[in-house]
Structures are given as C-alpha cells and as structure tokens.
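There are 2 protein chains.
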Amino acid sequence: MNEHSYAVIMAGGGGTRLWPVSRKDRPKQLLPLLGEETLFQSTVARLTDLFPFERILVVTVEEQAREMQKQVAAIPADNYLIEPEPRGTAAVAGLAATVLKQRDPNAVMAVLPSDHFIRNRNLFHYLLRAAFEVAARNYLVTLGITPLYPSAAYGYIQQGEPLTGDLKYPVYRVLHFKEKPDEKTAQGFLRSGDHSWNSGMFIWRADAILNEIQRQMPKLDAALKKISSVWGSAKQTEVFASCWRDLETVTVDYGVMEHAENVAVLPAGGLGWNDVGSWDTLFEVLFPDMDGNVSASVQHLAFETHNTLVYGNNHERLIVTIGMDDTVIVDTGDVLLVCKADQAQKVRDVVEHLKKHQKENYL
Amino acid sequence: MNEHSYAVIMAGGGGTRLWPVSRKDRPKQLLPLLGEETLFQSTVARLTDLFPFERILVVTVEEQAREMQKQVAAIPADNYLIEPEPRGTAAVAGLAATVLKQRDPNAVMAVLPSDHFIRNRNLFHYLLRAAFEVAARNYLVTLGITPLYPSAAYGYIQQGEPLTGDLKYPVYRVLHFKEKPDEKTAQGFLRSGDHSWNSGMFIWRADAILNEIQRQMPKLDAALKKISSVWGSAKQTEVFASCWRDLETVTVDYGVMEHAENVAVLPAGGLGWNDVGSWDTLFEVLFPDMDGNVSASVQHLAFETHNTLVYGNNHERLIVTIGMDDTVIVDTGDVLLVCKADQAQKVRDVVEHLKKHQKENYL
Chain U
1 MNEHSYAVIM AGGGGTRLWP VSRKDRPKQL LPLLGEETLF QSTVARLTDL
51 FPFERILVVT VEEQAREMQK QVAAIPADNY LIEPEPRGTA AVAGLAATVL
101 KQRDPNAVMA VLPSDHFIRN RNLFHYLLRA AFEVAARNYL VTLGITPLYP
151 SAAYGYIQQG EPLTGDLKYP VYRVLHFKEK PDEKTAQGFL RSGDHSWNSG
201 MFIWRADAIL NEIQRQMPKL DAALKKISSV WGSAKQTEVF ASCWRDLETV
251 TVDYGVMEHA ENVAVLPAGG LGWNDVGSWD TLFEVLFPDM DGNVSASVQH
301 LAFETHNTLV YGNNHERLIV TIGMDDTVIV DTGDVLLVCK ADQAQKVRDV
351 VEHLKKHQKE NYL
Chain R
1 MNEHSYAVIM AGGGGTRLWP VSRKDRPKQL LPLLGEETLF QSTVARLTDL
51 FPFERILVVT VEEQAREMQK QVAAIPADNY LIEPEPRGTA AVAGLAATVL
101 KQRDPNAVMA VLPSDHFIRN RNLFHYLLRA AFEVAARNYL VTLGITPLYP
151 SAAYGYIQQG EPLTGDLKYP VYRVLHFKEK PDEKTAQGFL RSGDHSWNSG
201 MFIWRADAIL NEIQRQMPKL DAALKKISSV WGSAKQTEVF ASCWRDLETV
251 TVDYGVMEHA ENVAVLPAGG LGWNDVGSWD TLFEVLFPDM DGNVSASVQH
301 LAFETHNTLV YGNNHERLIV TIGMDDTVIV DTGDVLLVCK ADQAQKVRDV
351 VEHLKKHQKE NYL
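First to last, the protein sequences are chains U and R. As numbered in the working numbering, the first sequence has no gaps in its residue numbers, which increase by one up to the final residue, 363. As numbered in the working numbering, the second sequence has no gaps in its residue numbers, which increase by one up to the final residue, 363.
Simulated from the structure, these hints should not be mistaken for lab results. From a predicted model like this one, the values you see are computed outputs, not experimental measurements. Heads up, some of the hints might be wrong.
Unchecked claim - Computed list of chain U residues with no C-beta within reach of chain R, every gap over 10 Å:
hint, residue
1, Glu83
2, Asn122
3, Thr249
Stated by the list, open to error - Here are the simulated DSS-like cross-link-like pairs (lysine-lysine), alpha carbons at most 25 Å apart as the crow flies:
hint, chain 1, residue 1, chain 2, residue 2
4, U, Lys101, U, Lys178
5, U, Lys340, R, Lys340
6, R, Lys235, R, Lys24
7, U, Lys180, U, Lys168
8, U, Lys235, U, Lys225
9, R, Lys346, U, Lys340
10, R, Lys340, U, Lys346
11, R, Lys101, R, Lys184
12, U, Lys101, U, Lys225
Using N, Cα and C, we set each Cβ at its ideal position, and we do this for glycine too.
Next up, chain U with everything else stripped away, as it sits in the complex:
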C-alpha cells in the first residue's frame, strides 16, 4: 500500500435478516454479534495494518454515524460521509470516489461492507495488496469468494481469461455478474469451477469508477459533478441533499460493474469469509459443540438437541431445548424467534409483515 491507497467502509444499510437482534435503530454492523467487538469495529480493525485512520473513510447515514464515532474514535470526523438518505452502493461508491479524487487525483480505493466476517486476516491483507496492484492498472477489481456449497443466498461472478503480467495472485477478467440463483443453478455454478460468490468488496482507482459512472449512469454522474462543485462550500449540505433525493437506488454491481470494461476478479479460497447474512450463517462463524449446537450470551441446557443455535442477551435466562434439531432460537427482551435453520431467510418476510402492520416497537 502506498499513500494513494484508501479504504471506504459502506455502513448505511439496515438489514432485516438478523432481526430481532438487528433493529431499525441498531443495525447489525453496530452490534457485537460475534463476540466482544461489533462487526464495524472488526471491519476497521482488519484495515488498520494497511491503512492509517486518515485514509479510512466511512459512508453511512446520520443516525448511525454518531454510534460509529463512539465505537471507533480514531477515524477523523471529516472521513465520515453522511448520505442524506440511502441510495444503494452505486451512489455510495460514486460519492466516495468523488470526494477522494478531490483529495487525491491518484487515489486507489477499496470499497468494503461494514458487516462481514473474515477469519483469515492475513490472507485478506495479502489479497487486498494484490487487488490494489491490479487496480492501479486501471482495472475495476472485485474479490470473489470460492464457493463452499451451492448457496442460493449470494450473487455470483463468472470469471473468464486470466490476466497476464507480474501478478502476486491469479486474477481473471470478469465475464458476468449474476443475481442470486435458484438452487439448481447454484449447483451448476459450483461444479463449473469458474464462478465465485460476489462478496461486495471492490478495489479501483477513483477516476476509473467515475469514468464508468459517467459512461453508464449519466444521472448519477451529473449529481456527483454538481456535488463535487460545491463540496466543502456553504452550499454542500443543501445541494447534496437535493441531488441525492432524486437518485434511484441501484447497486454498483448491476449499475456499473456488469457492463464495465476491464473488470477483474480475484477468487479467494480459504478467506473464512461470511456475510453474517442470516441466523443460519452463525453456525459457520461461531464455534459449535460436538452436537453442532452453538450458544451465545445465554445459559443453554441442551437435551437430545443437535445443530441448534441459541442466541440471547441475558445470562440469567435459562434456555432448555429437548429433542430439537436444526433450529435457530433468538431471544431478546421483547421478542422470541424460533425458526427452522433452513428457513432463516424468511425472517425478512416477518420484518416486512411487522412493518406493514406498523408494529413499530418490534422493528
């Protein structure tokens, strides 16, 4: 890494699949879901060996920024870019690139989610260094994750020809970004050997992503140029808010990457990556006992129970399970969730249902 390397943490999202622990006003990245540190704190800690705090930026929303500054005081306040309202990762990437390009015309940046788990930190550092080198050659680079099973919960990236040249790690041109597949299609992807999970981690030159936005997303490009022209002036807040209001919500994957030129993927195996996307993923991240049970922040008395997650927030409370298999039990003060593990994705539907019926206190 050199002085032109930056990390941008995307932390605006809400995420509903870890409800009832993750809530409207305390989203999962701000919670110590996997231990002492919050996911946001871990994300920052993974980066500090590579980037000084001055070169770590955070894009988030007002409600979350204060809590983040509390959790990681060392990131300068100026490095928090506050979205007036969330507009998807294309807008986030464009905003961060715009701000960084003003600061440093040669900026190369990694755009990283704030709420993922990565077990193998050394490999992550190695891959990020390799990706920055490829990005310096004007590629839009993405970290792919070598699939471990035919997941229908992730998007996929299909790789093509390998890049040539002096590379620290195998890198490939990207053929396609693919939406979450059905299970049968996912099995085909797994067997193909040329598909990676889309981790949502991107590395590129600031001017390279802005050029692609200019080419493919003219409305976003216009907004970013307007914002750039007033950035740091008295008009910043007003112009930023009015430009942002009119944007569509689009992901960078589909808004930019799918049809960009010079897109490359580093397919990473052994990273121990997990998007902590739903309750069943915690089986992969936390350490289970020999019956496959995982208990966190709770007294769990298991009796003929297997592959069951018991997640609480009160060590005084005793949770007894008898004859349960493949079950997720999440116990907060006001809500109890009992869910078949393979249906943990449906927690999102429950949250939608509660929203629709205005059960605000449970959201």
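With chain U held as given, fit chain R onto it using these hints.
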C-alpha cells in the same frame, strides 16, 4: 347424593412435567393453566352441584393450603387435612377415610385429583352418582377412561365380568391395575376393548377402604389408628407428624386396589378427561387453530408453523415461529423451554437435572 356423600380432593403433589410454569412453590393445580380458573378452582367447581362445601375435603401440604384457602374461601378450614409431608395416595386415602369415619360412620367418599381437566361436567356428575351407588354396596369403585389412543403415559385398568343388578351405568369387576405400558403393549390394550385408563378417581365407603388397608397395609393401618385415637386432641399434631414420618410412599392403586376384593370400574367414554400431565396434553385441552397451533397468554406470530404450542405469561412479548412443526414453546420470565412435542415427558428429566445441580432458582 345423600348426606353421607363426601368429596376428597388430593392436592399435595408437585408434578414436574409442566415446568417451567409449574414450580416448586406454585404447583400446577394452583395455576390458571387453562384459562381464568386454576385447576384446583375448576376441580371444586365441578363438585359444588353435588356436594355442599361442608362435605368437600382437601388433603394437601402446609405450603399449598394457604393459597388454596385464598382460591376457594368457601371450604371450611376444618376440611383441610394437612399432611406433615407427602406420603402418596394410599396414605392420603387412608387419612381422609379415617377422619370421615369419625365424623360419619356411614361416609361414602370420592377421592379425586385436584389437577385434572374434565370437559363434560354433566356426564361427570352422572358417573359420580352412579359410582356412589355402587360404592354403597361395598365396592371399591374407580372411574376408568375409555382410551382414545395407545398412550404410554397412563396406567391401565383391565375389566372383567359386568356387575349385575339395577345399575344406572355399565360397571365391571376389575381384573388388574397395570403400570404405564410400553407403546406396543398400549396398542394391545387399546385393541382389547377391556382396558381403561386409570384416572386416579376412586369412590368407596370410608370403612371399606380402611378394611382393605387393615388387610393389606398393616403399617399404614397402625399409623391411621394411632392418629385416629388422638384426632382433635392436643396431641394430634405431634402424633400425626411422627406417624407420618415413618410411612413409605405408596399409591393407593398398587398398595390397596390391585389386591383388594370387590373392586369395580366404570369405564367412561366422552368425559373429555385429561390429566394435564405434560405440555403436549394441552393440544387436547385448548382450542387449536386450523394449523393445529395453540397459543396461550402470548402474542404468537406463526409462519409456516403447525401443531405448535406457544405458552407464555407476557402479552407484551412477541413470539415468532418460522417453519416449526410439533413443537412446544414455553416462555416464562426466567426460563424458556423449546421442546419437540413427542418428547414433552422429558421435561421431568430436566427438572431432575436442575435439582441434582442445585439450580434452586429455576425449580
């Protein structure tokens, strides 16, 4: 019923299979498990059409007597017989018969559990009247329950020849009392057509049961005679306690009934009887929705959930189930139980485990 007819409610037990709602100091008969009334209150209410309060007795232990008197103020204090410590239903039956015989040498008494559910109260009254008539002829009578399925959770009574004479209801000599069978044996009992569930409800003359105790249980007989001789005197408390301490704990079924002469059974179908013996029995007693789910005292949001009981004590708490089948969820302030319905009997083992490890606060 005439002025020699009495009802004796047995209410000393603890019962652990409805833990964590039923606890050491608030056993199930004192709880409003099935609605507004406690099981004890319902038991009394079932009897008041047949017996004035003066002829309803309660055998219980000190800790429970006060709460019972609060719940049913109309039963005279003298009608509470307080066991120094529980010694099983043979001792209870003997004690009640001893006290009643002193009051009324012609006493005929029904001995009834305090914690059962009976849907068809009119039929219960009819059967009890019929049983009292048979008991007046010096039979030891038991109410049998026509089995609805091959339960391994109940004891069984095998009937023999029908009694003859002017009877209001078919009554049979008892061939055998049988312990809880295994499931295969239970299937044989069900097919046989001559086996009833042992409901634990008995009707007999006080002197008839005392004669059988004298013949079969000489130690209990001696104790009862000693107690009888001081009953109502200053020595009562001391003698009662010292006699009781030395008794073995025996049920009346096996201590007396199995080898008694002149034992009769009224096999009752359609009574809607349930011993509320474990959590899965609540499916039979409470009204399920069309998916077979039963919710009590809780907000339950069911999603692809079937045949699942959700039992709580806090209407503010939201319990969400996704993809669950045949599950029992019981939520109290300090304990959460999640249990496969067909393993609800194992709650008893959990309570034993907690006892062994002195987790007093959860007992």
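Hint-by-hint comparison with the structure:
1. Look at Glu83(U): its CB is around 31 Å from the nearest CB on chain R, clear of 10 Å, so calling it non-interface holds up.
2. Non-interface status of Asn122(U) relative to chain R is upheld: no Cβ of that chain comes within 10 Å, the nearest being about 38 Å off.
3. Non-interface status of Thr249(U) relative to chain R is upheld: no Cβ of that chain comes within 10 Å, the nearest being about 27 Å off.
4. A hinted pair counts as satisfied when its Cα atoms are at most 25 Å apart, and Lys101(U) with Lys178(U) does not qualify at roughly 30 Å.
5. As the CA atoms of Lys340(U) and Lys340(R) are separated by approximately 13 Å, the hinted pair is consistent with the 25 Å bound.
6. Between Lys235(R) and Lys24(R) the alpha-carbon distance is near 30 Å, which puts this suggested pair outside the 25 Å criterion.
7. Of the pairs offered as hints, the one joining Lys180(U) and Lys168(U) is violated, with about 30 Å between alpha carbons and a cut-off of 25 Å exceeded.
8. The hinted pair formed by Lys235(U) and Lys225(U) meets the criterion: a straight-line CA distance of about 14 Å does not exceed 25 Å.
9. For the hint linking Lys346(R) to Lys340(U), the alpha-carbon distance of about 22 Å falls within 25 Å, and the restraint holds.
10. Restraint check for Lys340(R) and Lys346(U): satisfied, since their Cα atoms lie roughly 22 Å apart, inside the 25 Å limit.
11. Distance restraint check for Lys101(R) and Lys184(R): the Cα-Cα separation of roughly 43 Å exceeds the 25 Å cut-off, and the hinted pair is therefore not satisfied.
12. A hinted pair counts as satisfied when its Cα atoms are at most 25 Å apart, and Lys101(U) with Lys225(U) qualifies at roughly 12 Å.
Checked against the numbered hints above, the structure violates hints 4, 6, 7 and 11; every other hint is satisfied.
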